[in-house]
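Colleague: Chains A and B are the protein sequences, given in the same order.
Start counting at 1 in the first sequence, then tack on 38, and there's your number in the working numbering.
Start counting at 1 in the second sequence, then tack on 78, and there's your number in the working numbering.
In short, the hints are calculated from the structure, not lab data.
Quantities reported herein were computed from a predicted structural model and do not represent experimental measurements.
Even for Gly, the Cβ is constructed at its ideal location relative to N, Cα and C.
A few chain A residues that don't get close to chain B, going by computed Cβ distances all over 10 Å:
id: 1; residue: E95
id: 2; residue: L138
id: 3; residue: W176
id: 4; residue: F192
id: 5; residue: K194
id: 6; residue: P231
id: 7; residue: I247
id: 8; residue: D290
id: 9; residue: G321
id: 10; residue: N344
id: 11; residue: E349
id: 12; residue: V357
Cβ-to-Cβ under 8 Å is the rule here; a few derived chain A residues that face chain B:
id: 13; residue: I66
id: 14; residue: V68
id: 15; residue: V72
id: 16; residue: D127
id: 17; residue: T129
id: 18; residue: R130
id: 19; residue: N373
id: 20; residue: N374
id: 21; residue: N376
id: 22; residue: P402
id: 23; residue: N405
id: 24; residue: P406
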Amino acid sequence: MFFLRYNLFLYCLVLSHTMLFAFNKDSIQVIKPVKHYFKTNIYTDFYSTSKRNLTGEKFVSKKLKTYKLNQSIIGFNTPIYTEDYYKKDSTRISNIHLLLTGSYAVVSPIFSGISNHHLSKTSIGVRMIYNSGKSGSWFLDFSPFVTQDNGYNFTKRYRAAYSIIYNYTCNKNASIRVGLTRTFTFGNRFFIPYVGLRLGSVNGFNFNIQFPRSVSINFPIGKNVRTSIYAKPQGGVYSFANTDELYYLNNDRNINFGRYEYLLGSRFDFNSNKLIGFYLGGGISSQNGISLFSESYNKNNNGKLNHFYAERLSGALFVNIGLTLKFGKTKSIYNNYNLYDLIDLNNSSEAGDNSINTGNSEIPKKNPRIKDIKLSDMQDLIETQDLY
Amino acid sequence: MKKYSYIFILLWIAFQSESQTNAKRDKIDQLRVTFINSKVNLSNQETQQFWPLYNELNDKLDLLKKTYRINFIKNFNAESLTDKEAEALLTAEYLLKQKELDLNKEYYEKYKKILPIKKIALIKMAENDFKKELIKTIKSSSPE
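Construct the complete structure from the given sequences, taking the supplied hints into account.
Modeller: Next comes the structure, spelled out in structure tokens:
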């Protein structure tokens, strides 16, 4: 980086000392070299399930009556620091990336028996990615968040999710991931291992198993659409104001609401260009579960939370819609499979433990075709002698 | 709701126009890389080392050309060009060529450490073949 800047400086210096005065402009305009490999990513995601009856025999179940869920998320991740290092005779480039992440999610569990609650989760986190330039890379994500039942300030609670993942890119058609993750995705607090295997290229057809995040088959359809058939868990633990007296022991003003669902569905990602992505998914939300946790009862509990109410629900249909904007000029990553994997990991690990995937539109497509290219687009590439 | 729709439409237009500017160059880069990859058989280790270096070199060359284009080509007016301006333009162009040559040499030395010399030659030949392919495409798509 230093050498490039130095070279540019020299280049401009020579010009300014020789012929600059000949121009109308006062100075040479220097274009700053691109710093990052990751684009800034802003996304929004909406998820909704249909209504179901709660059929449990407990008092809480009878009081809540029915259950339906809406979830809206807006979030971002942006690179804030990138450094390249040369290794082994200055031929191996390794790099460190630091990203800032953030998200705001509103989860609205709609129970017909009680008033509506809008449970928010706000997260600001950091993510560090190290690409060794060989086959291995590290991904560290720390995502502290605050949950609150909107309108009830006393329900504000601080929590954190984090992941440490080692990614090994065997070749362009396979990668392995192992690690540890602290997650609330299963409707409770868990600290579990992360195990992943991808077979097939990231930008082509692939089978991808990433426990505990998802199992999916992904393939492109035509030029601008990617499809995936997937199964994944989704959920969280949120603050819930006890205004409806769902828990009457210990005078808890705040209780915690946990929910999880296993989604079986398909999704279509539309990427007409690298900047805008739109996805539409749907399927069956099966194995749903909801729980309520007393705060006072779990006061000294640092592990899995103990519930005072839990119920398994029948499956429901769901829809999932999302829009992603990816912008910022980045360094070229063509055929850099380590970075393809890291970009995939970054896009599938969204801030605030929300388990959404913003799609890999910035990874170059496989086998592009020469079409609609004009002479003006390639004038720099061709010398007169090439035409002989 | 109407307000959000307007914001969305404006954002969409802004993103579309920005994307179109860079899309074609990105497409050519991508095509070139795919073309070279199909012509030269690199091992796993070679792939891991070669492509980051190749991308880095092309990013640097791109930056040089962009700097030249913004500062000279866009200021160039053939009709009102003075002698001093003409000389500046030519000097800048030779400096650009020299810089490109230096960079290419520097990376050639790096490639030699990670690839057999024959593969480096094949890559260079594939780059030239790619240019020919592009010319063919333009010839076939342009009206007689």
